[in-house]
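K.L.:
Sequence:
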Amino acid sequence: MSFIVMAFNSLYQYSWSVLSPLIASGLHINFLKVSVAFTLFAIFSTASQLAVSPLVDRRGPRLIAPLASLLSAMGFLGTAFSTSLIEFYAFWSAGSVGEGVLYGIASNAAVKWFPDRRGLATGLVSLGFGLGAAVANPFIGLSRSFREASLTIGVVELAALTVISSLIEYPRGLRGVDLTTTVRSPSWWLLYVTFVLSLVPLVSFSSSLGRLTDLKGYLFGVAASLFPLSSGLGRPALGALSDKLGRPRTILASLLIIAFSSALALYGPALAKVVAVSLVGFFNGAQIPLFFSIVGDLYGEAFSTSNNAAMYTGKAFSGLLGGVVIAALIEGGYGAGALVVGSPLLASALMLAAVEARRRGR
Numbered sequence: 001m002s003f004i005v006m007a008f009n010s011l012y013q014y015s016w017s018v019l020s021p022l023i024a025s026g027l028h029i030n031f032l033k034v035s036v037a038f039t040l041f042a043i044f045s046t047a048s049q050l051a052v053s054p055l056v057d058r059r060g061p062r063l064i065a066p067l068a069s070l071l072s073a074m075g076f077l078g079t080a081f082s083t084s085l086i087e088f089y090a091f092w093s094a095g096s097v098g099e100g101v102l103y104g105i106a107s108n109a110a111v112k113w114f115p116d117r118r119g120l121a122t123g124l125v126s127l128g129f130g131l132g133a134a135v136a137n138p139f140i141g142l143s144r145s146f147r148e149a150s151l152t153i154g155v156v157e158l159a160a161l162t163v164i165s166s167l168i169e170y171p172r173g174l175r176g177v178d179l180t181t182t183v184r185s186p187s188w189w190l191l192y193v194t195f196v197l198s199l200v201p202l203v204s205f206s207s208s209l210g211r212l213t214d215l216k217g218y219l220f221g222v223a224a225s226l227f228p229l230s231s232g233l234g235r236p237a238l239g240a241l242s243d244k245l246g247r248p249r250t251i252l253a254s255l256l257i258i259a260f261s262s263a264l265a266l267y268g269p270a271l272a273k274v275v276a277v278s279l280v281g282f283f284n285g286a287q288i289p290l291f292f293s294i295v296g297d298l299y300g301e302a303f304s305t306s307n308n309a310a311m312y313t314g315k316a317f318s319g320l321l322g323g324v325v326i327a328a329l330i331e332g333g334y335g336a337g338a339l340v341v342g343s344p345l346l347a348s349a350l351m352l353a354a355v356e357a358r359r360r361g362r
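End of the sequence shown sits at 362 in the working numbering; the numbers just go up one at a time, nothing left out.
The hints are simulated quantities; they were obtained by calculation from the structure and are not laboratory data.
Any given hint could turn out to be false.
Said to hold, decoys possible - Pairwise CB distance ranges, derived in the manner of DEER restraints:
#: 1; residue 1: Ala160; residue 2: Arg59; range: 22 to 28 Å
#: 2; residue 1: Gly342; residue 2: Arg58; range: 29 to 35 Å
#: 3; residue 1: Leu174; residue 2: Arg249; range: 23 to 29 Å
#: 4; residue 1: Asp116; residue 2: Gly335; range: 41 to 47 Å
#: 5; residue 1: Gly335; residue 2: Pro21; range: 18 to 24 Å
Just so you know, these numbers come straight off a predicted model, no measurement behind them.
Think of the CB as a built atom: it goes at the ideal place given N, C-alpha and C, for glycine as much as any other residue.
Please take these sequences and the hints and turn them into a complete structure.
P.N.:
Pasting the structure below:
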């Protein structure tokens with residue numbers, strides 16, 4: 001059930017690069033204005049998850065998940081009938097609230113139920129976050145307008161997602177450290193900043209794939225489909241690897257590969273860019289479940305929804321950097337490559353510092 005919920009959730013992020021040009025054309029707005037909606041998604045999806053997660057930890061997800069599904073569906077249905085930029089922003093933000101709550105519920109089901117194989121379990125659930133968009137993107141690309149695509153997605157979510165999400169349950173009798181105690185640890189904040197920087201390439205290529213890579217036509221279509229697909233496949237693969245090698249080593253190695261692949265996607269030849277975009281997706285998409293797993297490792301399962309919701313707020317800052325800031329750099333003719341490539345390199349250094357701080361019990 002969590003896997004299917006994640007598949008629907010992926011459309012807000014990984015279908016954006018295909019849907020946003022249709023929205024810009026249909027509402028007659030420029031690239032920067034439509035990119036604001038992606039940043040709104042990052043902000044509202046993270047804030048809603050943080051606000052609702054304590055209630056989910058205490059009461060469980062059975063009632064909250066269907067309500068969040070209604071909001072998610074409303075985001076697409078409202079977008080389909082939007083006649084102005086403000087209406088679009090409002091409906092997309094409302095849908096992002098539902099998406100954020102559902103993301104926290106679905107991902108933490110794996111954290112709570114499978115402590116011994118947490119990396120693999122969280123990765124398998126998160127696999128849906130890539131596969132859903134990989135299936136939907138070709139159909140969105142063939143749509144005559146953003147209204148047709150959004151209406152179809154909204155109706156399907158309204159009919160199916162509300163029922164499926166109501167079937168998710170959490171185990172009882174878990175132990176762990178609450179959020180108030182967790183955020184007092186210096187290692188937590190080092191992990192948090194590492195998380196923010198690690199996601200910048202993922203968000204940047206999600207929001208501005210065509211503009212960053214300059215891929216067009218068939219190659220852009222292939223890259224737009226492979227990016228979410230590889231992102232989904234990387235999650236269980238790296239999750240399983242982290243169960244054996246340890247979360248810190250897996251994250252550190254991934255960040256270095258992400259930096260190299262991002263540079264190739266920006267500056268390499270066309271075919272190499274397609275491969276590089278897939279590599280960014282494979283290694284960067286896995287960062288969220290890897291960080292969720294390491295939070296569960298360090299701070300327990302009982303309050304994992306709250307603790308991971310706090311970690312997930314970092315995606316709002318990643319969304320700002322990889323959404324509006326990247327769009328502004330592109331529109332202004334400034335080099336966006338330094339931000340895209342430099343962020344995972346800096347994150348790798350911070351990851352080493354976080355591991356050392358935790359080793360010293362801080």
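K.L.:
Against each hint, give a clear statement of whether it holds in the structure.
P.N.:
Hint-by-hint comparison with the structure:
1. Ala160 x Arg59: 22 to 28 Å: At 24 Å between Cβs, range holds.
2. Gly342 x Arg58: 29 to 35 Å: violated, 41 Å
3. Leu174 x Arg249: 23 to 29 Å: holds, 27 Å
4. Asp116 x Gly335: 41 to 47 Å: For Asp116 and Gly335 the Cβ distance comes to about 46 Å; the hint holds.
5. Gly335 x Pro21: 18 to 24 Å: Once the Cβ atoms are compared, 23 Å apart, the range 18 to 24 Å for Pro21 and Gly335 holds.
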